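Protein chains: 2
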Amino acid sequence: MSKVIADMSMSLDGFVARPDDSIEPVAGWFFGGDVEVPTATPGFSFQAPAPSADMLRDALSGVGALLTGRRNFDLAKGWGGQHPMGVPVVVLTHEPPSEWRDNKNFVFVTDGIKSAVAQAKAIAGDKIVGVATPDMVRQCLEARLLDAVHINLVPVVLGQGVPYFANLAETPITLETPEVIESQGVTHLTYQVTYPN
Amino acid sequence: MSKVIADMSMSLDGFVARPDDSIEPVAGWFFGGDVEVPTATPGFSFQAPAPSADMLRDALSGVGALLTGRRNFDLAKGWGGQHPMGVPVVVLTHEPPSEWRDNKNFVFVTDGIKSAVAQAKAIAGDKIVGVATPDMVRQCLEARLLDAVHINLVPVVLGQGVPYFANLAETPITLETPEVIESQGVTHLTYQVTYPN
Chain L
37 MSKVIADMSM SLDGFVARPD DSIEPVAGWF FGGDVEVPTA TPGFSFQAPA
87 PSADMLRDAL SGVGALLTGR RNFDLAKGWG GQHPMGVPVV VLTHEPPSEW
137 RDNKNFVFVT DGIKSAVAQA KAIAGDKIVG VATPDMVRQC LEARLLDAVH
187 INLVPVVLGQ GVPYFANLAE TPITLETPEV IESQGVTHLT YQVTYPN
Chain Z
37 MSKVIADMSM SLDGFVARPD DSIEPVAGWF FGGDVEVPTA TPGFSFQAPA
87 PSADMLRDAL SGVGALLTGR RNFDLAKGWG GQHPMGVPVV VLTHEPPSEW
137 RDNKNFVFVT DGIKSAVAQA KAIAGDKIVG VATPDMVRQC LEARLLDAVH
187 INLVPVVLGQ GVPYFANLAE TPITLETPEV IESQGVTHLT YQVTYPN
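Those protein sequences? They're chains L and Z, same order as listed.
Everything in the first sequence is counted per the numbering used here, starting at 37 for the first residue and increasing by one.
Everything in the second sequence is counted per the numbering used here, starting at 37 for the first residue and increasing by one.
Careful, some of the hints might be misleading.
Quick look at which bits of chain L chain Z covers, simulated, 3 or more residues with Cβ under 8 Å [what the hints assert, rightly or not]:
#1 46 to 60
#2 128 to 141
#3 161 to 170
#4 204 to 210
#5 221 to 233
Sample of chain Z residues facing chain L (criterion: CB under 10 Å; computed from the structure) [unchecked claim]:
#6 Gly114
#7 Gly117
#8 Gln118
#9 Val193
#10 Leu194
#11 Pro199
#12 Thr207
#13 Thr213
#14 Leu225
#15 Tyr227
Hints were generated in silico from the structure; no laboratory data involved.
On a predicted model such as this, the values are computed, not experimentally measured, just so you know.
Where is the CB? At the ideal position from N, CA and C, for every residue including glycine.
With the hints as extra help, turn the sequences into a complete structure.
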């Protein structure tokens, strides 16, 4: 059964990007080591510290589909037609973009988060559905559809930016004790989510 | 030479307390295990998970002075006359409170953060100066007087509250790769601070 897992890099003050949506300040670790991790994009590899490289390889082979929102899809310009992780992307949107409608790497869903997660799980099969935007994380948490939260915690204080967690209808949300992978310039934390009755 | 180290418990979204200043949501780990750690307050012990208990014992024996602000001092009502850590507290304030002025456990400093840190270091000797309020952390970082940031990272999303890091004059602040102590219901992270030239 497919698991739905949030996965973003975050600053110590909780931000996944600068206010202008640029992720450079928290993404340095992808290129902060000397172990090459190829992506699905020809000629594009990560160069990560060894513990992060192992984690990234597991993530790349373990993910079967991605779930994102229209804003992130547009910011990424559809990743040029295919996401670097090489898996289909389910995009929750009010209106599918006409220029990408026939691309088989993208599935545009217009009838809400539950349908989007169900379709992503169907594509992923036994593999993971990765969620990598704050608004999708919020919607999945609120619908109780998120199984785990993975945080690549980066030792930087940004002061301002786009928060990993924001505007949640119900807080506090209590997670489990994490699995920890120590690396260089980043600490990888995976928290299981257990919903109260 | 005394080191100045920030030390607070923090939620995954960066808060050290609820908006009403209560720290319960991030302080559960102090009582989340079965290893007793006595404090300097008679009859008051922590009951922490083993790895946290070891860390707490080291902290209690390693700290020589604490640095705080007037607001925190007033909220704690002077800890009844002595802080649970059993060390002198240097309080940065505009106006020393008359009711505590003669208590030898407290030193009230009115001439700024540099003077407060210098006096705390003189008291601490070879031991650590602990800093446990966001405003003091901010002032110490801005004055380049903070040597390390210790975060007890608690697996809860609060949604709102008092941030560990806020209102910093200069960001981003880049810290070193942390030392990590895994525990139950908390992950202890210690980041050294290196200031750019």
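Going down the list of hints, with the structure as the test:
Given a C-beta distance limit of less than 8 Å, the hint that chain Z covers the stretch 46 to 60 of chain L holds, as 4 residues qualify and 3 suffice. Only when three residues or more bring their CB closer than 8 Å to a CB of chain Z does the claim for the stretch 128 to 141 of chain L stand; here the count is 0, and the claim is violated. Counting residues of the stretch 161 to 170 of chain L whose C-beta lies closer than 8 Å to any C-beta of chain Z gives 0; at least three are required, and the coverage claim is violated. By the rule of at least three residues with a Cβ nearer than 8 Å to a Cβ of chain Z, the coverage given for the stretch 204 to 210 of chain L holds, with 5 such residues.
Judged by the Cβ-Cβ criterion of 8 Å, the stretch 221 to 233 of chain L is covered by chain Z as claimed, because 5 of its residues qualify and three suffice. A cut of 10 Å between beta carbons decides the hint on glycine 114 of chain Z: the least distance to chain L is about 30 Å, and the hint is violated. Residue-level restraint check for glycine 117 of chain Z is violated (minimum Cβ-Cβ distance to chain L is 33 Å; threshold 10 Å). Proximity of glutamine 118 of chain Z to chain L is violated relative to the hint, the smallest CB-CB distance being about 32 Å (cut-off 10 Å).
A least Cβ separation of about 4 Å between valine 193 of chain Z and chain L falls short of the 10 Å threshold, and the interface hint therefore holds. Interface restraint check: leucine 194 of chain Z against chain L, minimum CB-CB distance 5 Å, threshold 10 Å, status holds. Look at proline 199 of chain Z: its Cβ gets to within about 7 Å of chain L, closer than 10 Å, so that hint holds up. Checking threonine 207 of chain Z against chain L: minimum C-beta separation of about 3 Å stays under 10 Å; hint holds.
Among the interface hints, the one on threonine 213 of chain Z holds; its C-beta lies about 5 Å from the nearest C-beta in chain L, closer than the 10 Å criterion. Nearest Cβ of chain L to the Cβ of leucine 225 of chain Z: about 7 Å, under the 10 Å cut. The hint holds. For tyrosine 227 of chain Z, the shortest C-beta to C-beta distance to chain L is roughly 5 Å, which falls under 10 Å, so the interface hint holds.
Violated hints, listed in ascending order, are 2, 3, 6, 7, 8; each of the other numbered hints is respected by the structure.
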